[in-house]
Each structure stands twice: as structure tokens, then as C-alpha cells.
Amino acid sequence: MTNPLPVPAPKDPQKRTVVPTLPPVKRSRAALGLGIAAARGQFALQHCVDCGAVQYPPRDACCKCLSVALEWRLTDPAAQVLAQTTIRVSPDPYFRERLPWRMGSVQLAAGPVVVCHLHGEVARGDGVRMALKLDKAGQGVMVALPLKGSETMQDDPTLRAMSCDPKHRRVLITDARSPLAQPLAEALQRAGATAIFLGEAESWRRWEGREALAAMENVVLMPLDVTDTASVARLAAEIGGKVDILINTAQFIRPGGVVAGDTVFARDGLETNVLGLMRLAQGFGPAMCARTADGANAAVAWVNILSVQALAPDMGFGGFAASQAAARSVAQTMRGEFSASGLRVMNVYTGPVDDAWHQPLPPPKVSPKALARTVIDGLVDGLEEVACGDIATDALDRWLSDPALLERETRGGHS
Amino acid sequence: MSDAITGLAAALAGGQARIVDLTHTLDADFPVIVLPPEFGQCARFRMEEVSAYDHRGPAWKWHNLTLNEHTGTHFDAPIHWISGKDVPAGAVDEIPVEAFVGPVVVIDCSDGAARDDDFELTPDIITAWEDQHGKIPSGVWVLMRSDWSRRRGADYLNMREDGPHSPGPTPAAISLLLERGIRGFGTETVGTDAGQGMHYDPPYPAHYLLHGAGKYGLQCLCNLDQLPPTGAMLIAPPLKIKGGTGSPLRVLALITGDIE
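Just so you know, the sequences run in chain order A and B.
Counting from 166, one number per residue, gives the positions in the first sequence under our numbering.
Counting from 426, one number per residue, gives the positions in the second sequence under our numbering.
Don't take each hint at face value.
Unchecked claim - Some but not every residue of chain B turned toward chain A, in silico, with C-beta under 7 Å:
1. 453
2. 456
3. 473
4. 475
5. 514
6. 516
7. 578
Since the hints were made in silico from the structure, they are not lab data.
Please read all numbers here as calculations on a predicted model, not as lab measurements.
Beta carbons: idealized from backbone N, C-alpha and C, even for Gly.
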């Protein structure tokens with residue numbers, strides 16, 4: 166049983182905000198693969214193509230047969246704890262601030278014995294489920310989790326440090342008019358968020374659903390238009406210091422290819438989807454990065470909702486797809502710029518959402534509710550790269566295995 | 426002629442003539458017309474700082490602007506509408522400058538607009554006005570006062586599920602004004618037509634009939650309550666945009682001052 170995380174007390178204004186520190190960052194090139202799997206919520210290890218050995222830690226050659234034919238493959242996460250210890254003294258600034266810290270060695274069913282972080286609910290001899298998690302440095306690390314955890318297992322300090330759980334956190338949803346806003350606000354409430362700020366652009370234009378959102382508890386509508394630098398700066402000045410999670414739902418989408426498309430719509434798409442993201446990053450990024458060690462409700466995550474067309478365009482949405490590819494690029498730069506603070510950038514790739522702009526398209530389509538669920542799950546699991554819906558999941562898999570092939574398939578002409 | 430100008434200058438200096446600003450501030454939050462989303466939209470006013478006495482330009486501050494020809498208080502040229510696309514000198518850069526300065530009359534519809542969001546300017550209202558102030562002379566601007574410019578936020582466009590609701594002229598009213606030979610027609614609302622103007626025959630009669638006849642439009646005006654029904658002079662020069670269908674502009678009115 167994990168002690169439930171108490172509601173954070175109001176901040177003492179006479180104390181200096183804790184400056185973020187990071188656990189060790191450096192990794193070998195081979196070991197970066199752990200982060201790739203952790204970012205997607207997968208448990209993957211190096212498998213030797215020649216002799217079948219599974220190895221950890223990752224290396225450039227097989228520890229059994231010296232083959233360099235190594236592949237990252239999904240691996241059975243079953244394991245048993247061999248030994249446990251509690252670290253009470255550490256010279257590392259990050260861990261010093263978080264002592265005591267539990268670690269142990271576990272025997273993986275797949276073969277290797279690994280030294281890893283231990284969840285508070287596991288002990289020596291226990292069967293456990295191994296997970297790769299991103300730590301604050303953005304690196305993949307192993308955590309032994311209970312096979313069947315308690316209801317409050319997410320509140321365990323080790324897991325809390327490696328997730329972006331909305332519990333007791335304050336969240337800004339940038340566009341209240343998005344079909345995603347209401348299901349997201351509801352899901353965040355269920356997940357224990359203490360305050361939900363909803364950005365409202367163009368309050369001079371009435372919109373359906375405003376009253377329902379405004380009536381929700383702990384939800385407040387605030388003026389925010391991502392196409393207006395001054396508007397972003399105003400809201401950042403007002404609430405930038407208490408946004409723990411930012412979810413960018415602002416999106417401009419219109420159908421139309423490139424040749425027969427419309428540069429006015431394309432420009433509007435770039436304005437909202439790309440420059441809007443940059444304005445938000447400039448407005449909210451610095452304050453969030455400064456607060457990533459600010460107690461139980463420290464700033465943790467930045468979420469971008471992107472179309473999977475960021476990876477390969479759908480010819481019917483050429484202008485929009487260009488904006489999504491550009492937004493993905495901006496998000497990658499943000500990851501680099503935020504990395505020193507440990508603020509995570511999670512990209513959620515979605516297939517066609519069941520909204521007015523995809524109305525004539527056949528199923529499968531992503532319901533805003535399912536998308537909201539994916540966002541919350543991704544935050545709870547502390548992910549960086551998530552796909553929502555069959556189309557996006559399939560496209561992301563194919564893109565990862567062969568981007569050139571995916572491009573040819575998207576272009577059409579194959580049977 | 427020089428006497429006239431000297432006289433005007435003296436009247437302005439002495440308070441016998443006064444200048445009224447009929448222009449809204451160009452502001453990112455000022456409403457623009459909203460069309461069904463599959464149509465192209467009017468760009469909102471945006472101002473992006475280029476430098477502000479800083480590393481981007483140490484001694485100066487300036488901005489890049491983004492806006493539509495029809496953002497904020499603006500002028501409509503004949504080529505704005507399909508009916509006026511072949512009107513000679515129908516673009517803002519081609520219109521003779523004499524068109525931009527001229528007499529103006531104001532028809533007060535503020536009582537009716539306060540009672541009814543869809544208040545219509547009809548021929549009866551125009552003839553009743555003429556009974557009081559005399560026949561509308563040719564070559565004048567006619568402005569429809571509705572006090573709509575005092576509305577704020579969502580009440581300005583007043584969008585409902587069936588579209589916007591705001592006052593405007595009927596087709597017959599515009600036809601009558603065209604018979605009088607007016608120069609143009611202006612309103613306090615977001616367009617020269619009523620919010621529900623799409624249901625008239627022709628749809629959007631102010632746009633269709635005025636521009637088809639080579640006349641001009643002004644919209645998003647304010648301070649019309651400060652103008653007399655007759656006797657004022659309007660100064661409304663749009664930007665000289667090549668092939669421009671309209672332009673944001675500063676609209677000024679010269680009125681007789683209160684000072685004796």
C-alpha cells in the first residue's frame with residue numbers, strides 16, 4: 166500500500182523555488198534505445214539475432230557471442246526481485262534531494278539480472294512486472310512494479326518522479342472550443358487535477374458547449390488566442406507560474422491538397438499549429454521549466470496533439486499535413502530546449518478525429534473521448550510518443566519500420 | 426477657394442468646426458465578419474513586434490501587421506462584390522480621390538435597433554426622414570445610426586444558430602437611396618447589410634445593389650450619435666492598395682462646433 170499523496174500545501178512565498186536538478190544524463194549510444202522504448206511505454210531489450218541472447222545493459226555487441234546483429238524487441242516484463250536495498254546517502258544532487266531511494270536486483274524471465282529502481286510495494290522474492298520509464302533526465306530506466314498494485318500505487322515517490330500524473334496538478338488546455346476540450350477536462354477531473362484552465366479565443370464569437378464547460382467545478386475559462394502573441398503573453402504573465410501541465414488543443418484544419426489548395430488556409434494552419442505552438446512555448450515554457458522541482462505539484466509535462474499526418478501526409482490535407490510536420494519539428498526542438506529542466510514534451514499522434522472536418526471520411530475515426538483517455542494515460546505513464554486510434558497506431562508503426570515505404574503507400578498507386 | 430480653406434482652418438482652430446472620429450481602434454479582439462468555416466475567412470487584426478528598442482533594433486520599435494482589407498472600421502470598394510466586379514475604377518487605388526471627401530447625412534435608427542436586433546431600414550423610414558430634413562441630395566454619404574457600436578463582445582456580431590442578427594437596410598431602401606444618387610452607405614455593424622441579409626432578394630442587398638451601381642460602403646463605424654442629421658462632411662480615404670477591394674481606414678467627420 167502506498168500512502169496517498171496529500172494535496173500540496175500552498176507554496177511558502179519566502180522560500181526559494183527549488184532549482185531543477187537531473188539524475189545522470191550521459192548514456193552510451195546503444196543505451197539510448199532504452200529511452201526510445203520508454204518514451205513509447207514499451208518494454209524492449211536488445212536481442213541477439215544470431216544466438217538469441219537477451220542482454221542488459223545495452224551494448225554494441227552480444228555479450229554471449231560477440232555478434233553485432235542486435236535488435237530491440239518487445240520483451241517479457243516478468244521478473245523476480247532477488248535483493249533490495251535502500252540508499253540513504255548519495256553524492257548526486259538529484260538523488261540527495263529524494264532520499265531514501267529504493268533499488269534492487271531482479272531476475273528477468275527473459276534472462277538478464279538487472280539493477281533497477283523498486284516501487285514501494287515490491288520486496289525481495291516478489292514476482293514483479295518490469296517497466297521502462299523515462300526519468301527526469303529523459304533517459305530510459307528500469308523500474309520493478311508490483312504485479313497487482315494498490316489503488317494509490319501511482320503516488321509512490323519513485324513512480325511519481327517518472328510520470329506526469331495529473332493528480333493534484335493544474336492544467337492549461339489551450340483551446341476550449343476544441344471538441345477535445347470537454348472530454349479532456351472531464352478526464353482530468355477524474356484523474357485528480359486540482360484546476361483546469363481553458364483558453365478561450367475570440368470571446369466575441371458565441372460557441373456551443375461554453376456553458377457546460379464554464380459550469381464545471383475547478384474549471385475556469387481564460388482569454389487565450391495562440392495566433393496573438395500579446396494574448397499568449399498576457400495569460401502567461403497571469404497564470405504561467407501555476408501551469409503544471411499544458412495541453413495544446415489549438416488546431417486549425419482544412420481539407421485541400423497543395424496544387425488545388427489554398428494558401429490562405431495553409432497560412433492559417435501554420436499560424437495556429439506551428440507559430441501558435443512557438444508562441445505558447447515562448448510564453449509558458451520558461452516558467453514551467455523553472456518549476457519542475459517545485460514540490461508535489463511541480464510542472465511536469467507539455468502535451469501536443471498532432472495529426473499522424475505529421476509523419477506522412479494525406480494528399481487530401483496537404484496544407485494541414487505540412488503544418489503538422491512543422492509542429493512536430495518545433496516539438497522536437499522544444500524537447501531539446503526543455504531537457505535541462507526535465508519538463509517532458511509528449512506528442513500524441515491521432516488519426517482522423519470524429520469531427521466536422523473528417524465527417525465525409527469512413528471509419529475508423531478517433532472519438533474525442535478516446536483521445537482524451539489516451540492523453541491522460543500517456544501522462545500517467547510518463548510517455549513522450551503516443552498514438553491514438555487504429556490509423557495513427559498503424560501509421561506510426563509503419564513509419565518507424567520504414568518511412569520510405571510509408572511514403573510510397575500514402576502516395577497511392579499500390580494494390 | 427483659398428478663402429474657403431482659410432475659413433475652415435479658422436473655424437477648426439476657433440471651435441466653430443469640430444472633428445469627430447468615427448473609427449474603432451484596430452485591436453486583436455475587435456470582431457470581424459464570420460462566414461461558414463469552409464469559406465475563406467477575414468483575417469483578424471494582428472500585430473507582431475519586430476523590435477522594441479532591443480537587440481532586434483536598438484533605437485526603434487515597430488510592428489508587422491496582419492489584417493484583411495475588411496478588418497476593423499473599413500471601406501468597401503465596388504469590386505468587393507460580384508455585382509461590381511466590372512465597375513470602372515472600382516478598386517480602392519482607382520477611385521477618384523474626390524469620392525473620399527464629401528457631405529454626409531445620418532438616419533437615426535437607434536430607437537428601432539434598441540427594440541429589435543433585426544431592425545430594418547425601410548423606404549418609409551427614409552421618406553419620413555426626408556419629410557423632416559429634406560430630400561437626400563445626390564452625392565452624399567448616407568449613414569445608418571443604430572448605436573450598435575456600443576455593443577461589446579458576443580453581442581456585437583450577435584451570432585445565433587441561424588446566423589448573426591443585426592440591423593440593416595432592405596433591398597427597397599437601398600434602391601431608393603440609389604435613386605437619390607448617393608455616394609455610399611455606411612453602418613455601425615460589421616457589414617453594410619443586416620445580419621440576416623442573406624434572406625433578402627437579392628441576398629445582401631446593400632453589397633449587391635450599391636457596389637453594382639459603383640457606390641461605396643463603410644462599416645464598423647462609431648460615434649454616429651455625435652453627428653447632425655445633415656450638414657456634416659465625411660473624410661474617408663482608404664489606403665491606396667493596388668486592386669484593393671476595400672481598406673481599413675480612419676473615418677473622420679467635420680461638424681459645426683458648439684462654440685459661438
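I'd like to know which numbered hints this structure contradicts. Please list them from smallest to largest. 4, 5, 6
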